[in-house]
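Protein chains: 2
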Amino acid sequence: MQNFNFNNPVRVIFGKGTIARLGPEAAKAGKKALFVYGGGSIKKNGVYEAVLKTLAENGIETVEHSGVKPNPVLSHVREGVKKAIAEKCSLVVAAGGGSVIDESKAIAAGTRYAGDVWDFFIDKARAKEALPIFTVLTLPATGSEMNSGCVVTNEETKQKYSAGAPVLFPKVSILDPETTIGLPPAQVANGAVDAIAHLVEGYFTTPDPDNAVTDEMVHALARSVIASTERILKDPSDYNARASMMWSATLALNGLASCGYGRMSFINHAIEHSLSAFYDIAHGAGLAIVMPAWFKHHLANGGEERLAKFGAAVFGSGNAQETIKAFEAFFKKAGAPVRLSEAGIPAGDIPAIAANAMGLIKLWGVKADQAEVEKILSGAI
Amino acid sequence: MQNFNFNNPVRVIFGKGTIARLGPEAAKAGKKALFVYGGGSIKKNGVYEAVLKTLAENGIETVEHSGVKPNPVLSHVREGVKKAIAEKCSLVVAAGGGSVIDESKAIAAGTRYAGDVWDFFIDKARAKEALPIFTVLTLPATGSEMNSGCVVTNEETKQKYSAGAPVLFPKVSILDPETTIGLPPAQVANGAVDAIAHLVEGYFTTPDPDNAVTDEMVHALARSVIASTERILKDPSDYNARASMMWSATLALNGLASCGYGRMSFINHAIEHSLSAFYDIAHGAGLAIVMPAWFKHHLANGGEERLAKFGAAVFGSGNAQETIKAFEAFFKKAGAPVRLSEAGIPAGDIPAIAANAMGLIKLWGVKADQAEVEKILSGAI
Numbered sequence: 028m029q030n031f032n033f034n035n036p037v038r039v040i041f042g043k044g045t046i047a048r049l050g051p052e053a054a055k056a057g058k059k060a061l062f063v064y065g066g067g068s069i070k071k072n073g074v075y076e077a078v079l080k081t082l083a084e085n086g087i088e089t090v091e092h093s094g095v096k097p098n099p100v101l102s103h104v105r106e107g108v109k110k111a112i113a114e115k116c117s118l119v120v121a122a123g124g125g126s127v128i129d130e131s132k133a134i135a136a137g138t139r140y141a142g143d144v145w146d147f148f149i150d151k152a153r154a155k156e157a158l159p160i161f162t163v164l165t166l167p168a169t170g171s172e173m174n175s176g177c178v179v180t181n182e183e184t185k186q187k188y189s190a191g192a193p194v195l196f197p198k199v200s201i202l203d204p205e206t207t208i209g210l211p212p213a214q215v216a217n218g219a220v221d222a223i224a225h226l227v228e229g230y231f232t233t234p235d236p237d238n239a240v241t242d243e244m245v246h247a248l249a250r251s252v253i254a255s256t257e258r259i260l261k262d263p264s265d266y267n268a269r270a271s272m273m274w275s276a277t278l279a280l281n282g283l284a285s286c287g288y289g290r291m292s293f294i295n296h297a298i299e300h301s302l303s304a305f306y307d308i309a310h311g312a313g314l315a316i317v318m319p320a321w322f323k324h325h326l327a328n329g330g331e332e333r334l335a336k337f338g339a340a341v342f343g344s345g346n347a348q349e350t351i352k353a354f355e356a357f358f359k360k361a362g363a364p365v366r367l368s369e370a371g372i373p374a375g376d377i378p379a380i381a382a383n384a385m386g387l388i389k390l391w392g393v394k395a396d397q398a399e400v401e402k403i404l405s406g407a408i
Numbered sequence: 028m029q030n031f032n033f034n035n036p037v038r039v040i041f042g043k044g045t046i047a048r049l050g051p052e053a054a055k056a057g058k059k060a061l062f063v064y065g066g067g068s069i070k071k072n073g074v075y076e077a078v079l080k081t082l083a084e085n086g087i088e089t090v091e092h093s094g095v096k097p098n099p100v101l102s103h104v105r106e107g108v109k110k111a112i113a114e115k116c117s118l119v120v121a122a123g124g125g126s127v128i129d130e131s132k133a134i135a136a137g138t139r140y141a142g143d144v145w146d147f148f149i150d151k152a153r154a155k156e157a158l159p160i161f162t163v164l165t166l167p168a169t170g171s172e173m174n175s176g177c178v179v180t181n182e183e184t185k186q187k188y189s190a191g192a193p194v195l196f197p198k199v200s201i202l203d204p205e206t207t208i209g210l211p212p213a214q215v216a217n218g219a220v221d222a223i224a225h226l227v228e229g230y231f232t233t234p235d236p237d238n239a240v241t242d243e244m245v246h247a248l249a250r251s252v253i254a255s256t257e258r259i260l261k262d263p264s265d266y267n268a269r270a271s272m273m274w275s276a277t278l279a280l281n282g283l284a285s286c287g288y289g290r291m292s293f294i295n296h297a298i299e300h301s302l303s304a305f306y307d308i309a310h311g312a313g314l315a316i317v318m319p320a321w322f323k324h325h326l327a328n329g330g331e332e333r334l335a336k337f338g339a340a341v342f343g344s345g346n347a348q349e350t351i352k353a354f355e356a357f358f359k360k361a362g363a364p365v366r367l368s369e370a371g372i373p374a375g376d377i378p379a380i381a382a383n384a385m386g387l388i389k390l391w392g393v394k395a396d397q398a399e400v401e402k403i404l405s406g407a408i
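If you read the sequences in order, they're chains A and B.
Just so we're aligned: the first sequence equals residues 28 to 408 in our numbering.
Just so we're aligned: the second sequence equals residues 28 to 408 in our numbering.
The hints are simulated quantities; they were obtained by calculation from the structure and are not laboratory data.
Among these hints, one or two may not hold up.
[Unchecked claim] Going by beta-carbon spacing under 10 Å, a handful of chain B positions derived as facing chain A:
id : residue
1  : ASN30
2  : GLY142
3  : ASP143
4  : LYS261
5  : ASP262
6  : SER264
7  : MET272
[What the hints assert, rightly or not] Covered stretches of chain B, going by a simulated chain A footprint (3 or more residues, C-beta under 8 Å):
id : stretch
8  : 121–127
9  : 232–242
10 : 276–289
[What the hints assert, rightly or not] Dumping the calculated SDA-like pairs for lysine to any residue here, alpha-carbon to alpha-carbon at most 20 Å:
id : chain 1 : residue 1 : chain 2 : residue 2
11 : B       : LYS110    : B       : ASN72
12 : A       : LYS402    : A       : GLY343
13 : A       : LYS43     : B       : VAL194
14 : A       : LYS55     : B       : VAL194
15 : B       : LYS336    : A       : GLY343
16 : B       : LYS198    : A       : LYS70
17 : B       : LYS336    : A       : LYS55
18 : A       : LYS70     : A       : PRO211
19 : A       : LYS336    : B       : ARG139
20 : B       : LYS55     : A       : GLU331
Note that beta-carbon positions come from the ideal geometry of N, C-alpha and C, so glycine has one too.
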């Protein structure tokens, strides 16, 4: 077990009817909020009205910044920064999934920075200040509601990069599972795959696998994600399954699931970001394609024991090969693609995808060259 | 799954050689520390010197308050409060197990309160301010290093009561598993039993047991505590087992293991506090006596399904009866007493123990009368 630091100051308010508690919390931070949301799904499920109501009741004026894309883009982040500065906003309220929260974090930091917000994503600068961030989560997946990271795509350079800093932890995140009851099956699938991906990166890439407690936590959360997804597929209105899914996805990337693993590599994410930067597919869909391919590569490179351990604990599988098949079977059952062709991506694009992935692989210090990435991706044909 | 709030701002610094990081963190809070510790075990394992060194190197003066008892007593807390006020301490540094940390929390709050510190324990007042608290944990058990509660015994009234408030979260807790390598087997056993007790109270007393994610977390942590204890019993110098044990015990009572369980009852703790208030036995030892008796009572009162579920996941047992036997077998294997007689407590004392327990049972709102508590305790004869 490697040394680690753990600190996560986010205040989570979880459960039915909790959006009304946003206003009193947000009012402690300021009186004018940039209200960030996506394509309008929050106008259909009542979240939009509930957020405006609690903010207004607590004397908070709102300036809207809508239209955040599923893979949030830099140009829209920059617009948000301009708006927040021009309108003198003193806080940011995000209502949506990980994309909306990620864009909100980037705007919050960009507003308190003299340079260009993209600097945070290419390691040219680290955010030292940010507007206080409040979130209302409507899609369990990325864990952004309880961590200090964010991912944005520079659509000009086709770079889907990440930034992180302690000032980017939300102050308060409201998690009301009822807001997820109407989610389309594809979003349920993508969220489940994303949560699983967060659990496996540390587990399979740790240099020090003698870590009983974190292994147990990873198995526990993976089992919970899988069981909850299966319940949701059967009965989309199953509140307790929605609730377990929501809290599991949050815990999958709030720091807990990697304590003591040491320097993990995030190689699946590095490769996937290239897929969604090029083809604008959902992050979860991209991960469902990359992970089985990477697992096969990992099995051929010393990963047998860990794959067998994970599979035995989570799927009840008998060996490493069966574990990989069980991952694929779950992704398919959830409705996610598991091959490039299933997402309409031609195998001939592999060299270009790999070349693009090298940017992030180098930035994150992942040990892999382009030939290795191409080889991994060839497992997804 | 019930609604819940989760917020835990403690900064955990975990691993080998981390005590040296205390000074720089503590220096942010002040320049004069009340340094609280127990009977002197920290002078044998190098912790005392390491703490003084890092504090001195960072310009922090120390005033020592030693002699904290395993069940910390109110008179000693009051002495600490007087000393901290007289010496104008601006922070508290605790080095030891849960008792030392609990007493430090009480002193930290008592120093910033005009009334008597006992007021916090009998719900006469709630701590609104406290000196900032820094801890170096040397005994994994109570979870006090990452929560906002503390337990103190009023030796005059024989009341072992608890207090809690957000200001009692430590600012920073240093968890170096190497400091636990020399722990005597009895303390390992008591710590393991205490951690298990924290996991089971919510699990078995929740009014809403459809909570896949928290159930999985509880199973995971219980398995980790049990597996780590067994490794430590075999090889006390097994660092990774010590590390897993330490982090598991912390996570068992930092809020995570009860998310969504709703109003849990803590009945085992309420009864145990009476045992250790009367006989000054270790908290873990008392819990190992109370829990099997309470499980038998619980089985007779609708607890069969949960006992079977927990046992299947944690012990591989086939039914509720087997689960209770497996708990007992684990406590015995660890070296803890499982019957009143094994701790030298006469069965004839049961009415007095139960009468004393009623104080806490009423204060905590546990639904049980004295006859029921006596009946539970009769299962421990």
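Hints versus structure:
1. Given hint, ASN30/B at the interface with chain A, holds; its Cβ is 3 Å from that chain's nearest Cβ, closer than 10 Å.
2. Interface restraint check for GLY142/B: the shortest CB-CB distance to chain A comes to about 28 Å, outside 10 Å, so the restraint is violated.
3. The beta carbon of ASP143/B is not positioned within 10 Å of any beta carbon in chain A (closest approach about 31 Å), and the interface hint is therefore violated.
4. Taking 10 Å as the C-beta contact cut-off toward chain A, the hint placing LYS261/B at the interface is violated, the least distance being around 14 Å.
5. The criterion of a C-beta within 10 Å of any C-beta in chain A is not met by ASP262/B, whose closest approach is roughly 13 Å, and the hint is violated.
6. With a least beta-carbon distance of about 14 Å to chain A, the hint placing SER264/B at the interface is violated under the 10 Å criterion.
7. With 10 Å as the threshold, the beta carbon of MET272/B comes within range of chain A, its nearest partner Cβ sitting at about 8 Å, so the hint holds.
8. Judged by the Cβ-Cβ criterion of 8 Å, the stretch 121–127 of chain B is not covered by chain A as claimed, because only 0 of its residues qualify and three are needed.
9. Using a Cβ-Cβ cut-off of 8 Å, 5 residues of the stretch 232–242 of chain B lie near chain A, which meets the minimum of three, so the contact claim holds.
10. Chain A is given as covering the stretch 276–289 of chain B, and this holds because 4 residues of the stretch bring a CB closer than 8 Å to a CB of that chain, at least three being needed.
11. For the proposed pair LYS110/B and ASN72/B, the alpha carbon gap of about 26 Å is over 20 Å, so the pair is violated.
12. Annotation: proposed proximity of LYS402/A to GLY343/A is violated, straight-line Cα distance about 29 Å (limit 20 Å).
13. Simply put, LYS43/A and VAL194/B have alpha-carbon atoms about 28 Å apart, too far for the 20 Å limit, and the pair is violated.
14. Restraint check for LYS55/A and VAL194/B: satisfied, since their Cα atoms lie roughly 18 Å apart, inside the 20 Å limit.
15. Of the pairs offered as hints, the one joining LYS336/B and GLY343/A holds, with about 17 Å between alpha carbons and a cut-off of 20 Å not exceeded.
16. The suggested pairing of LYS198/B with LYS70/A is violated, with an alpha-carbon distance near 41 Å, which exceeds 20 Å.
17. For the hint linking LYS336/B to LYS55/A, the alpha-carbon distance of about 44 Å lies beyond 20 Å, and the restraint is violated.
18. Restraint check for LYS70/A and PRO211/A: the C-alpha separation of about 15 Å stays at or below 20 Å, so the hint holds.
19. A hinted pair counts as satisfied when its Cα atoms are at most 20 Å apart, and LYS336/A with ARG139/B does not qualify at roughly 51 Å.
20. Simply put, LYS55/B and GLU331/A have alpha-carbon atoms about 47 Å apart, too far for the 20 Å limit, and the pair is violated.
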